[in-house]
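K.L.:
According to the UniProt record's numbering, the sequence shown is numbered sequentially starting from 1.
Hints listed in this document are in silico derivations from the structure and should not be mistaken for laboratory results. All figures in this text were calculated on a predicted structure; none of them were measured in a lab. Don't take each hint at face value.
As the list claims (entries may be wrong) - Calculated lysine-lysine pairs in the DSBU-like style (CA-CA distance at most 30 Å, straight line):
#1 Lys-166 x Lys-73
#2 Lys-114 x Lys-77
#3 Lys-145 x Lys-175
#4 Lys-166 x Lys-382
#5 Lys-166 x Lys-259
#6 Lys-259 x Lys-227
#7 Lys-287 x Lys-259
#8 Lys-278 x Lys-227
#9 Lys-278 x Lys-195
#10 Lys-114 x Lys-195
#11 Lys-145 x Lys-63
#12 Lys-145 x Lys-166
#13 Lys-227 x Lys-114
#14 Lys-114 x Lys-278
#15 Lys-175 x Lys-376
#16 Lys-175 x Lys-245
#17 Lys-175 x Lys-227
#18 Lys-114 x Lys-287
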Amino acid sequence: MSQGWGGKENGLPRETGYDITVASEVMAILALTTGLFDLRQRLARIIIGTNYNGGAVTAEDLKCAGAMTVLLKDAIKPNLLQTIEHTPCFVHAGPFANIAHGNNSILADQMAVKMGEYTVTESGFGADCGAEKFFNIKCRYSGLKPDAVVIVATVRALKMHGGGFKFPPGHAPDKETIERENVEAVEKGCENLEKHIENVLLHGVPVVVAINHFDSDTDAEIETIRKRAIAAGAEDAVVSQVWAKGGEGGVDLAKAVVKAAEKPSQFRFLYPLEASIKEKIEIIATKVYGAEGVDYLPLAEEKIQLYTRLGYDRLPLCMAKTHLSLSHDPRLMNRPTGFRVPIRDVRASVGAGFLYPLLGEMRTMPGLPTVPAGTKVDIDEKGNVVGLF
Numbered sequence: 001m002s003q004g005w006g007g008k009e010n011g012l013p014r015e016t017g018y019d020i021t022v023a024s025e026v027m028a029i030l031a032l033t034t035g036l037f038d039l040r041q042r043l044a045r046i047i048i049g050t051n052y053n054g055g056a057v058t059a060e061d062l063k064c065a066g067a068m069t070v071l072l073k074d075a076i077k078p079n080l081l082q083t084i085e086h087t088p089c090f091v092h093a094g095p096f097a098n099i100a101h102g103n104n105s106i107l108a109d110q111m112a113v114k115m116g117e118y119t120v121t122e123s124g125f126g127a128d129c130g131a132e133k134f135f136n137i138k139c140r141y142s143g144l145k146p147d148a149v150v151i152v153a154t155v156r157a158l159k160m161h162g163g164g165f166k167f168p169p170g171h172a173p174d175k176e177t178i179e180r181e182n183v184e185a186v187e188k189g190c191e192n193l194e195k196h197i198e199n200v201l202l203h204g205v206p207v208v209v210a211i212n213h214f215d216s217d218t219d220a221e222i223e224t225i226r227k228r229a230i231a232a233g234a235e236d237a238v239v240s241q242v243w244a245k246g247g248e249g250g251v252d253l254a255k256a257v258v259k260a261a262e263k264p265s266q267f268r269f270l271y272p273l274e275a276s277i278k279e280k281i282e283i284i285a286t287k288v289y290g291a292e293g294v295d296y297l298p299l300a301e302e303k304i305q306l307y308t309r310l311g312y313d314r315l316p317l318c319m320a321k322t323h324l325s326l327s328h329d330p331r332l333m334n335r336p337t338g339f340r341v342p343i344r345d346v347r348a349s350v351g352a353g354f355l356y357p358l359l360g361e362m363r364t365m366p367g368l369p370t371v372p373a374g375t376k377v378d379i380d381e382k383g384n385v386v387g388l389f
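All chains, please: the whole structure from these sequences, using the hints.
P.N.:
Here you go:
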């Protein structure tokens with residue numbers, strides 16, 4: 001009989017790792033649950049490993065699901081806040097869109113839909129990350145269907161994608177370079193925006209582009225974005241000055257969104273759940289990211305076989321990928337072509353209700369920034385906390 005690395009006394013050691021809290025399965029469950037008893041069932045389905053026969057071992061098997069439900073019974077209640085203009089806003093759950101599914105809670109959306117004429121809900125990052133997961137994961141479990149989608153773009157982001165300047169994480173270029181007019185770079189960078197518009201239209205929903213305005217943006221740069229967005233299929237492209245003017249700065253955008261929402265929405269999922277795991281991965285990679293194909297590392301192949309055998313191949317997918325590129329590689333700017341997506345692993349969040357493939361070097365426990373914020377937090381000579389903001 002094998003004693004394992006731990007010897008007779010210490011059992012079988014296990015290699016594992018850490019996920020950032022907002023990428024954890026419990027966070028995803030909190031955001032995707034539809035009620036207390038659904039929460040209990042989802043927590044019960046969490047898989048912590050397999051037994052000697054290759055079967056799944058769940059939180060219910062460990063008799064943990066009940067206690068976890070009790071700990072979360074108040075956390076599932078959405079938080080109602082008030083904006084500075086006295087309008088209601090729910091803030092509830094926070095899964096990262098590049099690792100998890102990147103949307104606020106289903107419960108918050110369901111309550112908002114009942115309480116107001118219009119509900120605006122956010123999905124994180126771009127139409128290749130949060131929006132794709134909103135459509136194919138959140139909409140499946142909530143039963144809600146979007147009437148319109150707003151894509152937020154900035155002149156400076158499209159200028160960067162068009163080669164106007166480089167912006168590696170943690171190393172911002174000088175202010176003059178960012179703000180200098182560069183219509184040619186904006187024009188080129190609009191290829192990125194066009195792909196995001198295309199990704200939304202794949203799901204049959206009308207699109208409005210919000211151009212988030214900065215003081216340095218020029219009329220020529222804004223007009224370039226507006227023309228390219230409408231030519232790509234957007235219903236409209238409108239300057240938003242909400243940051244500077246509050247609600248008054250968003251009136252034109254609101255009117256455009258209302259108009260788009262009144263159009264018929266032909267909302268559809270990107271893939272059927274009956275498709276195999278590989279088929280679903282390849283549909284997302286080729287249609288949403290624009291990849292030529294997909295390559296699977298040995299561990300990913302092994303996991304796909306395991307989850308198919310266990311019957312989890314009918315779950316939707318939550319692709320863990322970089323938010324810095326349409327591809328899996330953060331170095332590939334604008335609208336890259338000719339690349340293949342490597343799948344190095346596939347993990348299961350059965351309680352949340354999805355599988356999540358890991359693309360390329362994507363990590364589920366991101367590292368600290370160049371200068372961690374915690375290094376600036378302290379107390380002053382009077383005992384006051386400083387450095388939080």
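K.L.:
All the hints need checking, so say for each whether the structure fits it.
P.N.:
Now for the hints, and whether the structure bears them out:
1. Lys-166 x Lys-73: 46 Å, violated
2. Lys-114 x Lys-77: Holds, at about 15 Å.
3. Lys-145 x Lys-175: Distance ~41 Å between Lys-145 and Lys-175 Cα, so the pair is violated.
4. Lys-166 x Lys-382: 43 Å, violated
5. Lys-166 x Lys-259: 37 Å, violated
6. Lys-259 x Lys-227: 19 Å, holds
7. Lys-287 x Lys-259: 28 Å, holds
8. Lys-278 x Lys-227: Measuring from Cα to Cα gives roughly 38 Å; hence the hint is violated.
9. Lys-278 x Lys-195: Answer holds: Lys-278 to Lys-195 is near 23 Å, not above 30 Å.
10. Lys-114 x Lys-195: 33 Å, violated
11. Lys-145 x Lys-63: Violated. Lys-145 to Lys-63 sits at ~36 Å, over the 30 Å cutoff.
12. Lys-145 x Lys-166: 38 Å, violated
13. Lys-227 x Lys-114: 36 Å, violated
14. Lys-114 x Lys-278: 38 Å, violated
15. Lys-175 x Lys-376: Status holds; Cα separation ~24 Å.
16. Lys-175 x Lys-245: 23 Å, holds
17. Lys-175 x Lys-227: Between Lys-175 and Lys-227 the Cα gap is close to 27 Å, so the pair holds against 30 Å.
18. Lys-114 x Lys-287: 34 Å, violated
In terms of the numbered hints stated before, the structure departs from hints 1, 3, 4, 5, 8, 10, 11, 12, 13, 14 and 18, listed from lowest to highest.
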